[in-house]
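Engineer: Going down the list, the protein sequences come from chains A and B. Read in order, the letters of the first sequence are residues 32 to 226 in my numbering. Read in order, the letters of the second sequence are residues 14 to 264 in my numbering.
Bear in mind the hints are in silico, worked out from the structure with no lab data behind them. As the structure is a prediction and not an experimental result, all values here were calculated from the model. Mixed in with the good hints, there may be bad ones.
To be verified - In silico lysine-lysine, DSBU-like type, Cα no more than 30 Å apart, as pairs:
(1) 169(A) / 103(A)
(2) 111(A) / 80(B)
(3) 80(B) / 103(A)
(4) 240(B) / 230(B)
What the hints assert, rightly or not - Cβ pair distances, simulated, as ranges:
(5) 202(A) / 128(B): 44 to 52 Å
(6) 66(A) / 28(B): 51 to 59 Å
(7) 116(B) / 84(A): 24 to 32 Å
(8) 193(A) / 33(B): 18 to 26 Å
(9) 125(B) / 58(A): 37 to 45 Å
(10) 96(A) / 98(B): 18 to 26 Å
(11) 119(B) / 128(A): 36 to 44 Å
Glycine is no exception: its CB is placed at the ideal position from the N, C-alpha and C atoms.
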Amino acid sequence: MKAAVLMADVTGDTDLELVERHRYGDRAAFEQIYRRHAEMVFNLALRMTGDPEEAADVSQETFLRVHRHCGKFRGRSSLKTWIYRVAVNCCRSRFRRNQTWRTRILSGSLERVEQVADTRRGPEDRTLDRDRGEAVMKLLGRLPEPFREAVVLRDLEGLSYDEIARVLGIRIGTVRSRIARGRERLRALLESSES
Amino acid sequence: MSHTSVEMLSSYLDGELSQARRLRVERHLEECEDCRHRLEGLHRVVESLEGLGRISPTPYLEQQVLKSAATRDREVSLLDRLEGAAERLHIERWVWLPTFGMVIALASIVYLFSWGLQRQNQGLPVVLDAAPQASEVAEKSEVKTLETGLPVAEGGRASATQPRREAVGLADAAFEPQATEIDGRFFELHDGLWIERGVDPIEPSISLDPLEAASSKFRDELPNLAKLERLGGPVRLRVGDQLVQLEFDRR
């Protein structure tokens, strides 16, 4: 088994230990798994859907699938990567099922997302950042799904190219290409909206 | 002058280029304003996205997820439990699932076979359906007449002097009465009257219309009335400490 990325919480349990305990029916183990990864999943879903309610639904569906299929996790990748993969698949299923959401995404109307201010910058810069950030969020919805996934995982979730490749089940070359083309399209859309 | 591809610029931004390629890109950027402009544009996009910050899910979401998980724990099916046990023992699905299926099929065959044998031994028809009418039984089977000399019970069809006829069951060549089982209770046909096994044919009983029985205080102690009606003819059975004869043919 390749080395997995292990994270110990205050109780000292690694991800693998939590998975093993969950396999044997330990409910507290699943609660810990949830608490470690909830924010990550929610933010991914939020950036993919642009809607907090949809994001909550996707998050719930993700963790129910994690609960059900955790037994299949073998530690070949990190638990975080595996859960991201489940979350991405839930977003994709949701997107295909929910026509209204699809329309909203494609029309770029992602007004419901609130942003957290970056307090390291001055108020004017923060306003500018916020405005641009909101604009970028709206434009993100106009990206084709493969580009949006790659850009969200890289620039919002901070995953490496290798991790993104594992999550999406594609080659690193493809990851590189999708990130680049996604960013380039956002750049072009942003420049045309600002001009 | 050829420009640097957007892939190269993007990878350069992420520090994902080898040293040789990185140097090549930097040399080109020194000379090409267009590529510098594009790189700045990409950089602004990345900065804007990275500046969005994180949002925490609500405690309500946690509540919902943990509640759904707990519900699922209670509803885990036998198949899921087997799958979980197989995973712990590292047995592949393609091994345990067909094996499990074969075990179930074999157990079903054994159960049905032993059930059929049991019914045959009891003199009951192996195929359970609505019991044939008394006249059908008479046509299909040999009829043996026995002189019992017993008076006919209240509500019965035969007269006091008419000997009872014992019909031969379809499933048994011996002189056993036609019998059937309804809701775990056994009834035998005696001269057009279905009598619950163990009930004395001459013991006095209350004669009831089935509709009256269905709305009576002891309706819950009765077997399925529709099935009793399909027997054809009156049915005498015990209800609590009372003997009741249901007159299905009065209507």
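Engineer: So, for every hint listed, does it hold in this structure?
Structural biologist: A quick look at each hint next to the structure:
At roughly 37 Å between alpha-carbon atoms, residue 169(A) and residue 103(A) are farther apart than 30 Å, so this suggested pair is violated. Between residue 111(A) and residue 80(B) the alpha-carbon distance is near 22 Å, which keeps this suggested pair within the 30 Å criterion. Among the hinted pairs, residue 80(B) with residue 103(A) is consistent with the structure: their alpha-carbon atoms are about 22 Å apart, no more than 30 Å. Proximity of residue 240(B) to residue 230(B) is assessed by CA-CA distance (about 20 Å); at most 30 Å being required, the pair is judged to hold.
Checked against the given bound of 44 to 52 Å, the beta carbons of residue 202(A) and residue 128(B), roughly 59 Å apart, lie outside it. Checked against the hint of 51 to 59 Å, the pair residue 66(A) and residue 28(B) fails, with Cβ atoms roughly 32 Å apart. Range check, residue 116(B) to residue 84(A): Cβ separation about 46 Å, and the 24 to 32 Å hint is violated. A C-beta distance of roughly 20 Å is found between residue 193(A) and residue 33(B), which places it inside the suggested range of 18 to 26 Å.
Between residue 125(B) and residue 58(A) the beta carbon distance is about 40 Å. The supplied range of 37 to 45 Å therefore holds. Distance hint for residue 96(A) and residue 98(B): a CB-CB separation of about 20 Å, consistent with the stated range 18 to 26 Å. Between residue 119(B) and residue 128(A) the C-beta distance comes to about 41 Å, which sits within the given range of 36 to 44 Å.
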